[in-house]
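So the chains spell out like this:
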Amino acid sequence: METAKTAPLTTTSPSPIAQALKRRPRTVERLIQTGLLICAAVSILTTLGIVLTLLRETILFFQQVSIVEFFTETRWTPLFASKKFGIWPLVNGTVLVAAGAMIIALPLGLLAAIYMSEYASENMRRILKPILEVLAGIPTVVYGYFALLFVTPLLKSIFPQTQTFNGASASIVMGFMILPMVASISEDALSAVPRSLRDAAYALGATKLEVSTQIVVPAALSGISASFILAVSRAIGETMIVAIAAGQQPKLTLNPLESIETMTAYIVQVSLGDTPQQSLAYLTIFAVGAMLFFMTLVMNVISHFLTRRFREVYE
Amino acid sequence: MNTSDFLSPVELQRLQQRKRYGKLFELFALMAVLIGIVVLLTLLIDVFLDGLPWLRPELFTQFPSRFPEKAGLRSALQGTLWLAVITAVLSFPIGVAAAIYLEEYAQDNWFTRFIEINISNLAGVPSIIYGLLGLGLFVYGLNLGRSLLAGALTMTLLILPTVIVASREAIRAVPRSIRLAAFGVGATPWQTVRDHVLPYAMSGILTGTILAMSRAIGETAPLITIGALTYIRFDLRGPLDIFTVLPIQIFNWISLPQKEFQQLAAAGIIVLLGVLLLLNTTAIILRIRLQKRW
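Residue numbers (numbering that gives the first Met the number 0), protein chains in the order written: chain A, 0 to 314; chain B, 0 to 293.
Hints listed in this document are in silico derivations from the structure and should not be mistaken for laboratory results. No experiment lies behind these values; they were computed from the predicted model shown. All clues stand as given, with none of them false.
Covered stretches of chain A (chain B as the covering partner; in silico rule of three or more C-beta atoms under 8 Å from a C-beta of chain B):
no., segment
1, 39 to 53
2, 287 to 297
So the derived list for chain A, only partly shown, Cβ under 8 Å to chain B, looks like this:
no., residue
3, L35
4, E56
5, I113
6, L134
7, G136
8, Q276
Lysine-lysine pairs mimicking DSSO-like chemistry, simulated, CA-CA at most 27 Å apart:
no., chain 1, residue 1, chain 2, residue 2
9, A, K207, A, K128
10, B, K22, A, K207
11, A, K250, A, K83
12, A, K250, A, K82
13, B, K22, A, K128
14, A, K155, B, K258
15, B, K69, B, K258
16, A, K155, A, K250
17, A, K207, B, K18
All C-beta atoms in this analysis are idealised placements derived from N, C-alpha and C, irrespective of residue type, glycine included.
Construct the complete structure from the given sequences, taking the supplied hints into account.
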């Protein structure tokens with residue numbers, strides 16, 4: 000990109016010396032450029048590796064288990080004597096926990112973003128942003144500890160029927176873990192709305208609340224919705240909080256106070272046991288992983304599309 | 000002139016109502032920010048209250064044990080240290096090279112765009128999927144077993160997108176005039192990058208890499224997937240040894256039923272947070288000390 004524009008400066012001069020320089024073989028330069036290209040291509044190889052690994056083991060899995068059972072059976076018991084391979088209980092657990100986390104992360108994250116972009120003074124923003132970044136930088140295993148040993152006892156004292164492992168505590172803690180991400184991406188989108196739009200609304204007599212919610216938020220909607228979708232994708236893929244706090248009982252339930260199991264927690268459960276390669280249990284985690292990868296990929300692509308296509312371009 | 004001079008009482012009342020809503024909303028929005036901070040403080044206080052009594056020398060010198068009073072983080076600390084070093088050694092050159100290619104060499108064609116979309120997609124892939132990749136590719140595919148090297152390679156792939164994005168930003172921030180000046184005195188593209196662009200971009204690149212490393216140190220799920228163990232009672236001898244790391248040892252202690260182990264886990268969390276704090280402070284200091292202005 001940069002060189003495409005600058006290269007002619009060094010090469011297109013009519014003098015004989017420049018001609019000779021141009022013809023001089025630049026072996027080292029070429030080698031280096033090729034080496035750099037290979038490093039950039041590692042990312043493509045990674046994607047390829049992920050897709051091929053998941054695909055290979057998943058195909059092996061579906062040679063032993065019918066794909067119809069995978070999508071129609073309502074029980075998931077691959078580690079029991081009577082094996083059932085229905086993915087829905089795990090999907091149910093994943094979606095239940097993610098939905099709970101979104102109830103916390105989306106409204107609070109958006110409100111925090113509006114506050115930091117529209118209301119906070121420059122000084123206040125300089126203090127608040129790093130604190131929220133610290134919240135985002137804490138390892139997820141720490142959040143898991145907090146969910147199991149602080150939030151769950153708290154829930155139990157309010158709702159005595161709460162089980163020791165439950166979806167709700169995982170949801171709550173995950174919501175606060177994801178909040179800074181929503182706030183940060185949404186704030187970027189809100190700050191990118193040009194000042195002239197706000198000024199125009201103020202000139203018509205709108206209050207700050209009306210400007211924020213009726214002018215700035217709609218104008219930044221593509222960025223905000225992209226942050227929401229990324230948040231969902233993050234919640235679906237989150238592992239340690241649910242592995243620690245949500246339990247290991249895959250079931251179809253909407254009760255957040257019961258023990259459930261998510262797709263990621265199942266992968267952890269199997270990985271902790273000593274599963275020999277190519278055993279059926281070993282293959283299940285790749286089938287579950289493929290499902291998980293597919294779900295997050297769809298989310299990420301939608302988010303990418305939203306930021307690209309629906310971005311309002313000002314000035 | 001005052002607003003009340005030209006507004007009817009009804010309009011004035013409505014205006015005051017609108018302004019009250021505004022104040023109320025501002026309060027709500029502020030609370031949304033503060034609740035995050037309150038949760039952060041609660042979490043830290045909870046962990047410190049549980050863990051501080053267990054933060055004693057034995058925690059750093061002992062191997063894990065079935066008896067909480069004899070258990071320590073020795074093997075976990077060794078594992079984390081070596082994992083961090085190998086991951087840094089692998090991901091720094093590859094990440095910076097990829098960033099240099101994309102910023103300085105790549106033409107604006109479909110292949111470059113494909114790489115860029117690919118990198119941003121990889122950043123959104125759940126970390127546990129990288130664990131499955133590591134399990135299939137490094138543990139069994141390359142036959143590295145459940146070794147430190149397999150873990151470090153997995154972590155390298157996991158943090159590469161972060162390193163690349165941070166390095167690209169740092170390289171992009173170097174003004175074009177610096178490159179033009181180098182080209183003007185006859186430097187080749189690589190000489191320009193090596194002698195002029197990289198030195199200016201280095202503070203940003205290092206900061207980004209250190210922040211990516213702190214992600215690698217806190218990551219648990221992919222290493223569980225590739226089979227890092229929890230109960231290791233010997234010193235790490237080399238990259239092909241089986242290993243454990245801090246977050247996995249913490250996870251293991253959390254899942255044990257005894258209260259003492261859970262407090263031990265809290266002490267482990269304090270150590271982990273301490274390591275991350277140290278890294279982040281280093282990153283900030285580096286950014287200030289190495290920053291060049293033009």
